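Undergrad: Please put together the full structure from these sequences, using the hints given.
Chains as they are written, first to last, in my numbering: chain A, 15 to 138; chain B, 176 to 462; chain C, 184 to 320.
Hints were generated in silico from the structure; no laboratory data involved.
Note that the structure is predicted; figures quoted are calculated from it, not measured.
Yeah, the Cβ is synthetic: ideal placement off N, Cα and C, and Gly gets one too.
A few of these clues could be false.
To be verified - Heads up, incomplete: computed chain A residues facing chain C, CB under 7 Å, no partners named: (1) E19; (2) V46; (3) G112.
As the list claims (entries may be wrong) - Over the 12 Å line for every Cβ pair with chain B, so calculated as not near, a few chain A residues: (4) G86; (5) A122; (6) A135.
Unchecked claim - Cross-link-like lysine to any residue pairs, in silico, SDA-like; alpha carbons within 25 Å at most: (7) B:K397 with C:G280; (8) B:K397 with C:L238; (9) B:K339 with A:V40; (10) B:K339 with C:M298; (11) B:K397 with C:P284; (12) B:K435 with B:T386; (13) B:K397 with C:D278.
One letter stands for each residue in the lines below.
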Amino acid sequence: MRNDEDVVRARHRVRELAQQAGLRLVDQTKFVTAVSELARNTIVHGGGGRLHAGLLHDGARQGVYATFEDDGPGIPDIQMALTDGFSTGTGLGLGFGGARRLVNEFDARPNPTGGTIVRVATWR
Amino acid sequence: MSEGMSVIEVVLREQRETLLAAWVQAQLAAPGVRTDLISESELRVESDRFLTALAGAVTDETSAPNLMDPRWDDVREQLTTLSRSRATRGFSPTETATFVFSLKEPLFNALRDTEGDLVALVWAATQLVDSLGLFTSEAYLRSREEVIRRQQEELIELSTPVVKLWQGVVALPLIGTLDSARTQVVMESLLQRIVETDSAIAIIDITGVPTVDTMVAQHLLKAVTAARLMGADCIISGIRPLIAQTIVHLGLDLSEVTTKSSLADAVTVALERTGHQIVRRKTPKPE
Amino acid sequence: MDRVNRIPILKLGHLLLVSIQVDMHDRMALALQEDLAERISQTGARGVLIDISGLEFIDSFIGRMLSDIAGIARVLDAETVVVGMRPVVAITLVDLGLTLPGVRTALTVERGMDMLPPPTAVEDLDDEEEAESAGDR
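TA: Below, the structure is given as structure tokens:
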């Protein structure tokens with residue numbers, strides 16, 4: 015993922031997956047919006063990266079996940095990034111806090127090869 | 176052990192027709208057969224398709240097949256679809272699982288005529304059918320849970336209707352205890368109705384709600400905020416003194432929200448805001 | 184102009200109407216801001232209606248774009264109203280923590296128009312001038 019068109023493509027792809035997983039419309043919207051935020055983060059702050067997304071199946075439930083990997087400088091203090099104050103709310107902040115509220119599972123950790131890995135998932 | 180599977184595969188292919196016939200017969204003879212819910216021809220078609228998928232999936236594997244392996248995708252999909260369809264039609268778990276388990280006897284009979292260690296073959300077949308049967312039961316349960324969840328949602332929506340008071344104003348009388356899930360569904364339906372009826376004012380009346388906890392209060396506030404984002408205003412009415420205290424103690428910010436203690440007051444405000452005025456007639460109408 | 188698809192801006196009497204139907208990417212959003220600023224100046228419009236009933240997702244970038252448009256319009260002496268936000272989008276915005284500062288909203292275009300300044304006599308004159316110069320283009 016490198017530019018703003020990729021953000022739109024990411025949204026579309028994830029939206030399809032969320033529909034396939036049978037998420038309710040409001041959960042679909044929330045998940046895709048979270049992906050949009052994180053995709054933009056990856057491009058703007060992470061210097062570009064990769065998105066993996068797919069369906070989840072845990073025997074009893076269906077869900078959708080998305081993982082963002084960037085090779086950027088990484089986030090020095092991930093805990094801080096998760097607090098709302100870090101995001102300026104105008105699109106320039108890291109936006110983790112908001113995105114986290116939109117999904118069931120949120121995990122952000124440093125990438126051993128540099129940069130950050132963020133994984134989000136929502137179940138039906 | 177892997178020989179067991181390959182023998183089974185051979186049987187599934189070569190003795191297909193007899194196996195199919197015997198299997199369908201076993202299903203029809205089973206105590207829980209529901210010919211009222213499913214026709215014999217449908218059963219036959221389903222069984223036929225399943226045998227094809229099964230034959231395609233069983234190859235020389237170790238004795239306990241890993242059903243999550245992609246090779247079993249088609250089989251799993253058929254079983255999931257079947258379970259879902261049975262669940263929605265009202266079959267019981269046992270009746271649904273009979274589809275798979277009734278394959279055992281015909282399969283054993285077919286194996287009896289082959290060469291090889293019968294005990295080992297029967298064991299392999301048992302493991303296969305059992306794991307398929309278990310999978311079917313799980314899929315059935317999931318479908319049932321899904322049906323129940325949807326019914327609950329419909330019930331919630333039906334029991335908390337959003338009422339259009341007049342052009343531009345809707346009211347949502349909430350009654351009973353609110354839990355998180357119910358509140359969310361109700362709030363979503365309120366916002367939807369606001370759009371459908373083009374109502375810029377929504378009265379949320381909580382006279383009938385005995386207690387409000389943090390989660391519910393937060394959901395209420397979220398709904399009010401969301402409504403405002405859309406261009407509609409909410410008035411919360413029917414706030415009991417106790418609930419008012421709870422809200423303040425929880426530190427919730429209601430400065431943006433219009434609150435009224437009685438529904439009547441809320442209606443008056445809504446009337447005024449929509450440019451109405453209630454005037455009492457000077458002389459009473461003749462009866 | 185580069186090859187970015189640009190969102191059309193319609194003149195609705197004394198107001199400008201923008202209808203966002205597609206999933207915008209960032210450059211489109213910026214192009215829209217530029218175009219709007221130009222049209223407002225050109226036409227002297229006092230009101231801008233942005234119809235987002237076609238938007239299925241609003242993230243922080245789009246949210247900021249809307250706030251920025253409202254701000255830019257205000258500086259150019261025009262008011263902005265955003266209409267048609269979908270319920271699921273509103274719910275998502277609340278969870279995201281986006282408040283769209285400086286953006287007024289209404290349920291429909293009609294209601295939005297009621298919130299904007301009415302036409303003045305001078306503006307009718309401007310319409311004629313605009314119609315003439317439009318013939319040149």
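Undergrad: It remains to establish, for every hint, whether it holds in the given structure.
TA: We went through each hint and held it up to the structure:
1. Because the smallest distance between the Cβ of A:E19 and any Cβ of chain C comes to about 5 Å, under 7 Å, the interface hint for this residue holds.
2. For A:V46, the suggested interface contact is upheld, since its CB lies about 6 Å from the closest CB of chain C, less than 7 Å.
3. Taking 7 Å as the C-beta contact cut-off toward chain C, the hint placing A:G112 at the interface holds, the least distance being around 4 Å.
4. Under the 12 Å C-beta cut-off, the non-interface status given to A:G86 relative to chain B holds; the minimum distance is some 33 Å.
5. Consistency note on A:A122: stated as away from chain B, and its beta-carbon is indeed over 12 Å from all of that chain's, at 24 Å minimum.
6. Consistency note on A:A135: stated as away from chain B, and its beta-carbon is indeed over 12 Å from all of that chain's, at 18 Å minimum.
7. For a cut-off of 25 Å, the pair hint linking B:K397 to C:G280 stands: about 10 Å separates their Cα positions.
8. A threshold of 25 Å between alpha carbons decides the hint, and for B:K397 with C:L238 the separation of about 21 Å falls inside it, so the pair holds.
9. Between the alpha carbons of B:K339 and A:V40 the distance comes to roughly 24 Å, so the proposed pair stays at or under 25 Å and holds.
10. In summary, the hint linking B:K339 to C:M298 is supported, as the alpha carbons are separated by about 23 Å, within the 25 Å threshold.
11. Taking the CA atoms of B:K397 and C:P284, the gap is near 17 Å; set against the 25 Å cutoff, the hint holds.
12. Using a Cα cut-off of 25 Å, the hinted pair B:K435 and B:T386 holds, with the two alpha carbons roughly 17 Å apart.
13. Taking the CA atoms of B:K397 and C:D278, the gap is about 8 Å. The hint holds against a cut of 25 Å.
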